[in-house]
Amino acid sequence: MERKRGNQTVFFNNKPKIIGHYSIVGPKEGKGNLRNYFSEIEEKDDFFGQETYEKAERVMIERALDGAIKSANAKYSDVHLFMAGDLLNQIISSSYAARSFDIPYVGVFGACSTMVESLALSACLVDGGHFDTIACATSSHFSTAERQFRFPLELGNQRPPTSQWTVTGSGADIVSIKGNGPIITCATFGKVTDYGIGDVNNMGAAMAPAAMNTLIAHFKDTNTTPKDYDLILSGDLGKLGSEILIDLMEEQGYKLGLNYKDCGQIIYKRNQNVLMGGSGCACSATVFNSIIMKKLLTGELKKVLFMATGALLSTTSSQQGDTVPGIAHAVVIEGVKK
Amino acid sequence: MNEWYVYLIVFATGGLVCFLGQVLIIKTKMTSARILVTFVVLGVVLEAVGIFQPISDFCKAGINVPIIGFGASLARGAINAVKSTGILGIFTGGLTATAGGIAAAIFFAFIFGIIFKARTKKL
Amino acid sequence: MQEQERNKRYNAYVEAKIAKTHAWPSLFNSFWVGGLICTFGQLCNDLILLWFPSVSTQSAWAYTLIILIFLASFLTGLGVFDKIGAFAGAGTIVPITGFSNSITSPAVEFKNEGIIFGMCAKMFIIAGPVIVSGTVASMIVGLIYLFV
Numbered sequence: 001m002e003r004k005r006g007n008q009t010v011f012f013n014n015k016p017k018i019i020g021h022y023s024i025v026g027p028k029e030g031k032g033n034l035r036n037y038f039s040e041i042e043e044k045d046d047f048f049g050q051e052t053y054e055k056a057e058r059v060m061i062e063r064a065l066d067g068a069i070k071s072a073n074a075k076y077s078d079v080h081l082f083m084a085g086d087l088l089n090q091i092i093s094s095s096y097a098a099r100s101f102d103i104p105y106v107g108v109f110g111a112c113s114t115m116v117e118s119l120a121l122s123a124c125l126v127d128g129g130h131f132d133t134i135a136c137a138t139s140s141h142f143s144t145a146e147r148q149f150r151f152p153l154e155l156g157n158q159r160p161p162t163s164q165w166t167v168t169g170s171g172a173d174i175v176s177i178k179g180n181g182p183i184i185t186c187a188t189f190g191k192v193t194d195y196g197i198g199d200v201n202n203m204g205a206a207m208a209p210a211a212m213n214t215l216i217a218h219f220k221d222t223n224t225t226p227k228d229y230d231l232i233l234s235g236d237l238g239k240l241g242s243e244i245l246i247d248l249m250e251e252q253g254y255k256l257g258l259n260y261k262d263c264g265q266i267i268y269k270r271n272q273n274v275l276m277g278g279s280g281c282a283c284s285a286t287v288f289n290s291i292i293m294k295k296l297l298t299g300e301l302k303k304v305l306f307m308a309t310g311a312l313l314s315t316t317s318s319q320q321g322d323t324v325p326g327i328a329h330a331v332v333i334e335g336v337k338k
Numbered sequence: 001m002n003e004w005y006v007y008l009i010v011f012a013t014g015g016l017v018c019f020l021g022q023v024l025i026i027k028t029k030m031t032s033a034r035i036l037v038t039f040v041v042l043g044v045v046l047e048a049v050g051i052f053q054p055i056s057d058f059c060k061a062g063i064n065v066p067i068i069g070f071g072a073s074l075a076r077g078a079i080n081a082v083k084s085t086g087i088l089g090i091f092t093g094g095l096t097a098t099a100g101g102i103a104a105a106i107f108f109a110f111i112f113g114i115i116f117k118a119r120t121k122k123l
Numbered sequence: 001m002q003e004q005e006r007n008k009r010y011n012a013y014v015e016a017k018i019a020k021t022h023a024w025p026s027l028f029n030s031f032w033v034g035g036l037i038c039t040f041g042q043l044c045n046d047l048i049l050l051w052f053p054s055v056s057t058q059s060a061w062a063y064t065l066i067i068l069i070f071l072a073s074f075l076t077g078l079g080v081f082d083k084i085g086a087f088a089g090a091g092t093i094v095p096i097t098g099f100s101n102s103i104t105s106p107a108v109e110f111k112n113e114g115i116i117f118g119m120c121a122k123m124f125i126i127a128g129p130v131i132v133s134g135t136v137a138s139m140i141v142g143l144i145y146l147f148v
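Residue numbers (the numbering used here), protein chains in the order written: chain A, 1 to 338; chain B, 1 to 123; chain C, 1 to 148.
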């Protein structure tokens, strides 16, 4: 089989597998819909025993990586590369977490699409034979994101109705050529897409066009239709964003049916006051590494198209009145055949 | 009996000012900083054209507690100082009149900033 | 050109797609909470004048505002003010309490980055524009009155 088809999709012939996974979340996520699926829930302290929220985020990545390696029945020395990213300036959470490991480190940034971005890149490197085993991780924390992108936590303002709630948590995967686990079969890298949304409180609408572009490129490159997948999972489009995506796809002649789900809508319960749903790197990372991986391992899901979207803005760009560009990457993961 | 009537007016007018602020937030998606700026400048303008005083006589706290009152004090301070000291008043008037409020806000923020720690919103 | 056309269409589509939330509850909440804060201010003012007859009307107002500023600042530190604010919206922002909250909240927030460049510098990220615009506007008014 060829290694690349179309402009955006690459195929993995040597079967890179996800042999270990781990998810850790904060108190609010622990009270959500996926309570029984997360690997670890911090019930009370969203400082994770640290002085600041930034340090708490690092601890989450460290614990996620540790857990993922253990779940793969591997040792730290078996992991040859650590690939991670997050939302904070200069991706400090990932880099500072990497400081405590004796593993070569690559930092990646794709905003909230980081989980899929690192999975796709890891699969490329593993499939190409450059590395045997790669760990990828990402994290986000409500409070660090809020203080970087929005307002002080104690400011008495109302959240705009289109805004989303940044997930506090971290997810990690071990991608390897050896061992057993769900197989990553192909990946579609997305293009930066900007449809001129300027409202930073409406990320779903800003990212939906990028998601549409990537999905269409994927379906064309792989000659598939939405019906060929057990599940099409988007990262953190939220309620409004996923409704827009369904509309946009229909306009292009693709019908997203009941097999389409959005992590941002799954993670929280409706009465948790999260408005449009969850967002942040950890949104897709924790949902994927809990319920989705479990179902892939039990064979309940056989073929999943996992696409995460990211909004590539900074506070500077938005203050200068620039619009919000979006990105979306997708990977196809096939479950263990029973 | 007359006393209660005053409180009713204060409640109604103060509520109305905040109501208008909320309308602005919903209609224009303004952030709280912009709302505060808008209302302060509004207060300055009302005082400058001389209609703040009659409103204040009627509404009392209903217009003085909202940040409009803060803007009006700034303007009133500047106007009075200009009348008494001339050009220097332009510079000293406004902040002198509002020094108490600003200093209090800074002082309490400093004290409580040192004492307390920010926590994640629990909604 | 085509892109601008497309973006315009998309923005209009998104605007129409945003579910119209019912504005009345939040308008109602901002009304009664804001009204209550003003009434409380009036009460403070009247009590000060009643208990301390030597205080001038103007000083009584200053004391009243300082009391409100203190309470808002204290509630912000306790972590209560953001909850009231989320409920009342402009009801707590527009009164002087919102000004106080906008200074205390970054002070509490950015303490971790140090007292000087964290707390003291960031105190004015929201209140700064308010003080600057108010001061400049009042100076313009003063300048006009100088010539009138």
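Simulated from the structure, these hints should not be mistaken for lab results.
The reader is advised that the hints may include incorrect statements.
Examples of chain A residues lying across from chain B (beta carbon under 7 angstroms, computed) [to be verified]:
no., residue
1, Glu43
2, Glu51
3, Ser143
4, Phe149
5, Asn157
6, Leu297
Built from N, CA and C at the ideal position, the CB exists for glycine as well.
Margin query: Take the shortest C-beta to C-beta distance between Glu51 (chain A) and chain B; is it under 7 angstroms?
Written below: Cβ of Glu51 (chain A) sits 9 angstroms from chain B, so the hint is violated.
Checklist line | Status of the Leu297 (chain A) interface restraint (C-beta, 7 angstroms, chain B) | finding: Violated, because the Cβ-Cβ distance from Leu297 (chain A) to chain B comes to roughly 33 angstroms (cut-off 7 angstroms).
Next item on the list: Under 7 angstroms, Cβ to Cβ, is where Glu43 (chain A) needs to be relative to chain B, so tell me if that hint holds or is violated.
Entry: violated (14 angstroms)
Notebook entry, point to check: Once the shortest beta carbon distance from Phe149 (chain A) to chain B is found, is it less than 7 angstroms?
Noted result: violated (13 angstroms)
Notebook entry, point to check: Measuring from the C-beta of Asn157 (chain A) to each C-beta in chain B, is the shortest one below 7 angstroms?
Noted result: holds (5 angstroms)
Next item on the list: With a cut-off of 7 angstroms on the beta carbons, see whether Ser143 (chain A) makes it to chain B.
Entry: This hint holds: Ser143 (chain A) lies near chain B, its Cβ roughly 5 angstroms from the closest one there, short of 7 angstroms.
Taken one by one, the earlier hints fail for this structure at numbers 1, 2, 4 and 6, listed in ascending order.
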